[in-house]
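K.L.:
Can you join these two chains into the complex? Each is in its own frame, and there are hints to help.
Single-letter residue listing:
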Amino acid sequence: MNTPTGITPAKRWLVSPIERLGAMVLDAIDALGGFVLFLLYAVREIVLPPYKVRLVLRQIRIIGAESSFLVALIAVFTGMVLGLQGEFTLRKFGAEGALGTVVSLVLVRELGPVLTALMVTARAGSAMAAEIGAMQVTEQLDALTVMAIDPVQYLVSPRILAGVISLPLLASIFDVIGILGGYAVGVGLMGAPAGSYFNGIASNLAGDDVAGGLYKALVFGLIVAWVSCYKGYNAPRMATGVSRATTEAVVLSSVLILMFDYILTSLLLK
Amino acid sequence: MKANNSTPFAIEVTDLCKRFGPQQVLSGVNLQCPRGQVTTIVGPSGCGKTVFLKHLMLLLRPDSGRIVINSTEVTRLNARGLDKIREQFGVLFQGGALFDSLTVFENVAFPLVEKTKLSREQIAEAVTQKLAAVGLEGMGNKYPSEISGGMQKRAALARALIRNPSILYLDEPTTGLDPTRTGSIHELIRHTHQRFGLTVVMVSHDVPQVFEISDRVAFMHDGRVRLDGTVAEVMDAHDPVFERFLAGTASEDEDLRAPGTTETRV
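Chains as they are written, first to last, in the numbering used here: chain C, 1 to 270; chain Y, 1001 to 1266.
By construction, these hints were calculated from the structure, which means they are not laboratory data. From a predicted model like this one, the values you see are computed outputs, not experimental measurements. Think of the CB as a built atom: it goes at the ideal place given N, C-alpha and C, for glycine as much as any other residue. Do not take every clue at face value.
[To be verified] Straight-line Cα separation of at most 30 Å, DSS-like style, residue types lysine-lysine; simulated pairs:
1. Y/K1117 <-> C/K92
2. C/K52 <-> Y/K1084
3. Y/K1054 <-> Y/K1115
4. Y/K1117 <-> Y/K1084
5. Y/K1142 <-> Y/K1117
6. Y/K1142 <-> Y/K1115
7. Y/K1115 <-> C/K52
8. Y/K1054 <-> C/K92
9. Y/K1115 <-> Y/K1084
10. Y/K1054 <-> Y/K1084
11. C/K52 <-> Y/K1117
12. Y/K1117 <-> Y/K1054
[As the list claims (entries may be wrong)] With the C-beta cut set under 7 Å, the calculated list includes, among others, these residues of chain C facing chain Y:
13. E66
14. T138
15. E139
16. M147
17. I149
So that you can see chain Y by itself, here it is in the shape it has in the complex (with noise of 0.2 Å):
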């Protein structure tokens, strides 16, 4: 809880490019999320959206732009004053990225016991409350392996939750879950949002049933953000290719259902 308040935004953006090799992946993204509220970052697969969130966790650098996180420009940091970045923000990973060989409590406790000097019993406390505030009391002592999809989910959110960060970043939080799954993760990352009052910056594919826990949504097309605003916003900006977008996600989800088709993509 850090974050210094002379901006109303807890991450600018601005001018972002990426290339891999000769793939330009992102072309000049830019993008502004406001401190306290939920942005998610939608878009078709191949659109740069998950290179842009890893640029935010400061996993990638950037060829050429600006980002800056709590008011700090991070792009031309060293080692250190990256780490420094890094205890401002918690990542809830794609498939959660538990340690296999640590046990559920280790693994939310592990940033405590590696980076702080907090005894055995404030660690203790903290990881029991964190795993209460996901759901999962009680289940401590299981490994990774031994629980459910949704519980890795919920169980990776605490760990992202300990060190309390003024941000948090969620990279496709309901892949590979079923839809009631899915429902419940959402309500838990709306209710951690409302409780712990963070900065949420999440990649999403569950358009359009992630808009009811957004504040706002970014269209990522081609290495771009095409489109953002708050939610009412860019339903009614009607953008042909987000509608296109919208059409495309619905009537892949109908080729699901309906076998022998094949899979449209816009």
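Pulled out of the complex, with its shape left as it was, chain C reads as follows (with noise of 0.2 Å):
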């Protein structure tokens, strides 16, 4: 960018606040479109062979089954305080009954997908941010690339397959484990009526309010493992790059499943 010399400053200074704003545009759309390619290129290597069956188990090991300890006990927390301040308003209602109905829908529909794809962001996101932009400032990746392993097929696909797996079975477990939470403080603790607790949730939780929950899981676990893998490949090569990476990865993966929940709340509600 040479500014010609007949330009006055006052002409600068009105040119180049715009200038800059266009350079903003242009580098946020450059950015845009290199995280939406590093998804297709990993979708396109999940999809076509050699599939990596291993690689996805120990993935689904780590961001699955590790996570699904600490999924349990934010559920039952979660569960028990549902039941609490919900049997505490619909008794001033009069409408005790409820109280299954409404636990099992606020869980199934919301809390159990956004709550537990907060934690696994948290616990197993930032951990692939992390390893994954440790071996970018090592050299490690470069290292896989000169042995002619795609560090993509072999870091990034298996551990977005293995997060489109996890996260809903861990959302199922939250589910199950928040539903028996309320019933322990609701029914058990402040004497909600036990047998409309679940003959509540077996009349109005219907399969299209799990099969949303479950589908907004599916995106969610995209979500974590796809920002978290590229933010780790992208690591600056310095001394704070991976501790960078691994902040943003959870920063982004947190706002971007807020922002999906509203988007996928509105599509399914009909």
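P.N.:
Have a look at this one:
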């Protein structure tokens, strides 16, 4: 960007902010393009053989199995607080019988997938970004490439597939344990009618609600693995590269999860 | 060892150019590396020597120019063609780039496990042999974090050699090592080169110690090879920039010994 010598300071003062805005927009489009192409490339490597079953299973263990205790822990407290709040509020309207319906719908439709995804972001997403970021910074990704092993195929694709498989399973665990937690507090402690708790769930929780919740979890699983791998893969080669990649992965994943939660909800509620 | 012997050069580079954004890093590099010899690339920091080596490793694509490796023009190859060339060279990265989650044995075995159909016993035998060749017998069960920097370099060298490449790239093989270990890594490079008959291309800043194990020297300056030839030819060329570079690295060493003086760079 050479500024012609005939331009006065006043003109430059007018033009340069516009120029900078343009550069910012172009940079943003460029970054978004790179972000999307990264996913498309990783998905292509998932679809095309050779299939890396062993690597995917290992990632399901790390992202899924090793997160299940944490998810269960969060779920039981979430269910308990829903039981407490729900029963306390519903009692004012004389609607104690609706507790099961409220707790199950809130968990299955919203809190199950969203809180599971946020916990997996904090636990597995950050680890993914840090691990791949450290490999980038120490040239281990280059080492893979010169051994004729595609780092995206070897590291990124298994994680994305594992994220998509694990999240719906974890969200299901969350839902079930949350409902039991709600029962324990709402019925056991606060004295809501036991029969109508499960009866309400049976008659008001539709297959569409469950499917919608699992569908959300699947999308969130994709987001967490995609963002975390992308941020790690593009970690800048400097001392703070890994920490920056990890922070950005967690922040961006969390924001995108809540954003897409709204988008998906508005599509699913019909 | 798939070397095609139609030319005496394992690597021929012609007019290689590369630009990163506004910065022209390589502006027409020409270099020929004779088969079976050690070519060492030296130059001040920022002269483009690492970027140049990354082109030879096929990690970067040039903007223009030609790279011929074992008689194959590589700049226009597709992914599969590139992988075929990659089988012909091994790389020792600056920090070793060993995989932290794998043991030394698994690291060295990794290329064989992933890219060949050899049996477990054949792989174990090949790995044991290569570990012995770099002086790491019995260290296979350790993790990279449990061994010293010099040992990590040795393990990385064993990994680079595991598929019996005809070319070996070394990116600053002695960075971060003390003078004793630098000497022993140089000795290992000389030994490996002689034993396996490799073409070695090395980027180094150990000037002038590294000349003892080099057949040829290429001096890079401002994105070009300013001077290249046998060690004797380069030393006798009396190129003023090269002599300033040699003097500069010497005075940098002296600066390190005398605290308080500022760093001088060419």
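K.L.:
Need the list of violated hint numbers for this structure, in ascending order.
P.N.:
1, 8 and 13
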